[in-house]
Amino acid sequence: MTVILEIDLDKCTGCGDCVVKCSMQAVELVNGKPVMVRPDDCDYCTECETFCTTGAISCPFEIILVLPEDTSEEE
Amino acid sequence: MPSRIDFLRMIPYFTGLSEEEIKQVDKALVERSFAKGQILFLDGEPCQGLYLVGAGRIRIFKTSEGGREIVMLIARPGDSFNDAPAFDGGSNLMSASASESSTVYIVPRQTLVSLLGGCSAGAAIVNGLAARLRHLTGVVEDLSFHSVTGRLAKLLLGLAVAEGKSASVPRLTQDEMAAMVGSVRDVIGRVLRVLEKDGAIRIEGHRIMVVNQELLRNMV
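Chains as they are written, first to last, in this note's numbering: chain A, 1 to 75; chain B, 1 to 220.
Don't read these hints as lab results, they were simulated from the structure. Since the structure is predicted, the reported quantities are computational estimates derived from the model, not experimental observations. Any given hint might turn out to be false.
[Said to hold, decoys possible] Quick list of the computed label-pair ranges, beta carbon to beta carbon:
#1 Gly-16/A / Glu-176/B: 45 to 55 angstroms
#2 Ser-91/B / Gly-16/A: 53 to 63 angstroms
#3 Lys-21/A / Ser-144/B: 34 to 44 angstroms
#4 Gly-67/B / Arg-38/A: 49 to 59 angstroms
#5 Asn-31/A / Leu-73/B: 50 to 60 angstroms
#6 Asn-127/B / Arg-38/A: 32 to 42 angstroms
Positions of the beta carbon are idealized from the N, C-alpha and C atoms, including for glycine.
Modelling step: build the complete structure from the supplied sequences, incorporating the hints.
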């Protein structure tokens, strides 16, 4: 899975709340700023976005239409 | 009691008209009287023109499929209504009924068009504003009549793009979805889970897959 979580380092204060809230330990502070160190472990629960008080973390969702003929490709 | 010409001059659309133009509008006016409670026109019907209130009060409203009503305007003497359809030529955007015994004047659309004097830029601006008004009325309608589930279902249906098609796949955070449907992030998170449980969508990491459009349409 390609994780597209976005971290705005200009808004980030380095408080570390996102690291604490990440139940998958996918985010760590590196030089005082959060970095997605284990992207494959991220389950995109969006808790980091919820608890980031400065709005530095965004977890956008892609909205994809699955057409009937696409079903076979996914199976 | 002002003359009809003086009355027309008080209407913002007509204040700047020349003597000749205002007489042209006056000549085209259709006067109608309505008893209290009488319907002037209904949402979706062909538009008769721009309505001006001469006397009384006119209630302008939208009605949901379930029969709920939202009053958009109580038009009083000197007010105009049914503006967007009168200018863009589309069907009536709302319904109107007389709150009391009332007199209205109807300016036919053709008269309004002729006042533009064939100015294509002016016509384009007016049509653009009318389209914006129709869109905003739809937003008010959605917020008034539909649940958050219905509004989110409508948003997802409107935005979802098949992968590999020419249009780029839209990306929205839950905060952005909340802002677009007049709700808050927590509620959006809960509704997304409900939609997934119902089988309308499937959430795979950062992807919201619309897997059952028909189910979503039924929720709108």
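Which hint numbers does the structure go against, in order from smallest to largest? 1, 6
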